[in-house]
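Spelled out from the first residue to the last, the chains are:
Protein chains: 2
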Amino acid sequence: MRTAIIGAGALGLYYGALLQRGGEEVHFLLRRDYDAIMSDGLRVFSIDGDFHLQRVNGHRETDNIGTVDLVVVGLKTFDNNKVYSLIAPLIGPETAVLTLQNGLGNEEYLARSIPAEQILGGVAFLCANRGVPGIVHHLGQGRVRIGAFRPEATDRCRDVAKLFSAAGLNCESVDDLLKTRWEKLVWNIPFNGLCALTGLDVTALLSDPHIRDEISALMTEVATAANAQKISSPIETARFIEQMLTVTESMSHYRPSMMIDRMEGRPLELESIYVEPLRRAQAAGVATPRIELLHALLALGE
Amino acid sequence: MRTAIIGAGALGLYYGALLQRGGEEVHFLLRRDYDAIMSDGLRVFSIDGDFHLQRVNGHRETDNIGTVDLVVVGLKTFDNNKVYSLIAPLIGPETAVLTLQNGLGNEEYLARSIPAEQILGGVAFLCANRGVPGIVHHLGQGRVRIGAFRPEATDRCRDVAKLFSAAGLNCESVDDLLKTRWEKLVWNIPFNGLCALTGLDVTALLSDPHIRDEISALMTEVATAANAQKISSPIETARFIEQMLTVTESMSHYRPSMMIDRMEGRPLELESIYVEPLRRAQAAGVATPRIELLHALLALGE
Chain Z
1 MRTAIIGAGA LGLYYGALLQ RGGEEVHFLL RRDYDAIMSD GLRVFSIDGD FHLQRVNGHR
61 ETDNIGTVDL VVVGLKTFDN NKVYSLIAPL IGPETAVLTL QNGLGNEEYL ARSIPAEQIL
121 GGVAFLCANR GVPGIVHHLG QGRVRIGAFR PEATDRCRDV AKLFSAAGLN CESVDDLLKT
181 RWEKLVWNIP FNGLCALTGL DVTALLSDPH IRDEISALMT EVATAANAQK ISSPIETARF
241 IEQMLTVTES MSHYRPSMMI DRMEGRPLEL ESIYVEPLRR AQAAGVATPR IELLHALLAL
301 GE
Chain Y
1 MRTAIIGAGA LGLYYGALLQ RGGEEVHFLL RRDYDAIMSD GLRVFSIDGD FHLQRVNGHR
61 ETDNIGTVDL VVVGLKTFDN NKVYSLIAPL IGPETAVLTL QNGLGNEEYL ARSIPAEQIL
121 GGVAFLCANR GVPGIVHHLG QGRVRIGAFR PEATDRCRDV AKLFSAAGLN CESVDDLLKT
181 RWEKLVWNIP FNGLCALTGL DVTALLSDPH IRDEISALMT EVATAANAQK ISSPIETARF
241 IEQMLTVTES MSHYRPSMMI DRMEGRPLEL ESIYVEPLRR AQAAGVATPR IELLHALLAL
301 GE
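Chains as they are written, first to last, in our numbering: chain Z, 1 to 302; chain Y, 1 to 302.
Calculated directly from the structure, the hints in this document are not laboratory data. Only a predicted model underlies this, so the values are computations on that prediction, with no experimental measurement involved. Any given hint could turn out to be false.
[Stated by the list, open to error] One-sided and incomplete, this derived list gives chain Z residues near chain Y with beta-carbon spacing under 8 Å: (1) 143; (2) 180; (3) 201; (4) 206; (5) 216; (6) 284; (7) 285; (8) 286; (9) 289; (10) 292; (11) 293; (12) 299.
[Unchecked claim] Residues from chain Z that keep clear of chain Y, each with C-beta distances beyond 10 Å, as calculated: (13) 25; (14) 150; (15) 167; (16) 198; (17) 211; (18) 214; (19) 217; (20) 218; (21) 235; (22) 279; (23) 290.
Note that CB positions come from ideal geometry on N, CA and C, so glycine has one too.
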């Protein structure tokens, strides 16, 4: 499968590297890392074992890549207004487009321009950060769950999941993409926001008993909002939160992407991680006072 | 009336200066401002007209002041553990002790050591900041409301209110001190905390529509908690909030005391402004999610 990775942040570089190592033809759209990768290749420092891809198909634009079988979108969601112009040259009638972007509304954004049966979405449980150009650090986890945006894309989704698994990615195809996205938000809404706001990593936040209680309370608001949506089965709130906190305790001093975005002066992904979930919670009549206050404080810095 | 001012921040200096200008014998316990005031007096730059007190009774400790008729406590509440040892030398059986400190629990603190019939409490609606040593800036308002901690102190309270009025202070004696304290918290809880947390003044916060909504929502939580206490009549929430927002709009770029405490590296008055009100809200079964999150974020920086 010819695959294009659009949005070569930590996530795009890491999964693209795994696919190429697994024997797939992978094309990367690169900006910051172009020069480094074209001259020295792409290095992955990973808890699962380091590796180095000497030759990488890097591109400064997508015009010359041609049609591909799979587009993986890893762009920051504040760049969603650019996504279609970037991927249009890559898309034929059989191309699957998989967005691994954060939050809600990304598949809907693609669906403005691309037939729904070609759209897949996914959620990555991945602790990874970019290092200096040409280097990506894989610090923990790596599991990805993908699903069809609409039922018509179900077969395509299974094919992509098989491809990913064959390349050594820990990938699972799910029936309920919406629920999977909300489950991810149970983590993202408290940790991305509180880390970005305070400048403290996940370990520092969890070590403070008041903040730990607030993280649980924020997670409860997200899970309650999720369970008021049309999802296949409810999130078991208490057990799921306990599990999220346990997983996070193992992420020693992890800095979520939004914290790094703020530290490096980039915009924050507020629309997809806060505004759209708040809109859907409100439409379902679920109270979300803590999420609203957290969002307002984050938006103030933008 | 011999009066001692304990805690010569902006509030203590301003009201003490008004009393002395009104002809009362006032003694100030001074720390930072001692040298400046003893050599050059106390200057008040006020929207009601500037004035200068050439000679001021300043003291570095309270031992030599002797018994007074009235002690005004303006200490930061995080210093409450020092309050009794500071005021003990001033107190005779007829001395009234008036705490104008922020938040809840200050009268109760005094009542551990002083008979309840000598304890008064009050709330100052005052925009004032200290300038360089020897100078206090009165930026707006100035009204003070005082009340008896217990009914036995009611007459004493009326006497003090008369004294204050005679000296030109805008002072009112109230029947329900607890309600008055909660009304002040409707302002203090959102503005003190959000200004301290964000480093933005009240005007900057109100100009952001999301934060303005959060301020209203925080005020609603406080008023709801207040109305669940044993107060004489409920706060009319919507009208009161509207009024608070209007008043705050007139406080051009005002920096509340907690914001200045954080900027200058002092502890924050979290116990009296957040912890005790949260405790009483919880005891009354009132949900306070936004206040809890705001408190946790403030406590994280302590």
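| Interface-negative label, residue 150 of chain Z against chain Y, beta-carbon threshold 10 Å | holds, 33 Å
| query | Should the interface hint for residue 284 of chain Z be scored as holding, given a Cβ-Cβ cut-off of 8 Å against chain Y? | reply | At about 18 Å, which exceeds the 8 Å cut-off, the nearest Cβ of chain Y leaves the hint on residue 284 of chain Z violated.
| message | Hint validation: residue 292 of chain Z versus chain Y, beta carbon distance must be below 8 Å. Holds or violated? | response | Holds - the Cβ of residue 292 of chain Z comes within 8 Å of chain Y, reaching about 7 Å at its closest.
| field | Interface hint for residue 293 of chain Z, Cβ within 8 Å of any Cβ on chain Y | value | holds, 5 Å
| message | Please verify that the nearest CB of chain Y lies beyond 10 Å from residue 211 of chain Z's CB. | response | violated, 5 Å
| request: Hey, is residue 290 of chain Z genuinely clear of chain Y, shortest beta carbon separation above 10 Å? | output: violated, 5 Å
| message | Using the nearest Cβ pair, does residue 286 of chain Z come within less than 8 Å of chain Y? | response | violated, 13 Å
| field | Restraint satisfaction for residue 206 of chain Z [CB to CB of chain Y, less than 8 Å] | value | violated, 12 Å
| Regarding the assertion that residue 167 of chain Z does not contact chain Y, is the least Cβ-Cβ distance greater than 10 Å? | holds, 42 Å
| message | Over 10 Å from every CB of chain Y: does residue 198 of chain Z meet that, or does the non-interface label fail? | response | At about 6 Å from chain Y, residue 198 of chain Z fails to clear the 10 Å cut-off, so the statement is violated.
| Can we keep the residue 180 of chain Z interface hint, with Cβ of chain Y closer than 8 Å? | violated, 27 Å
| Taking the closest pair, is the beta carbon of residue 235 of chain Z still more than 10 Å from chain Y? | holds, 19 Å
Figure legend: structure checked against the earlier numbered hints; hints not met, in rising order: 1, 2, 3, 4, 5, 6, 7, 8, 16, 17, 18, 19, 20, 23.
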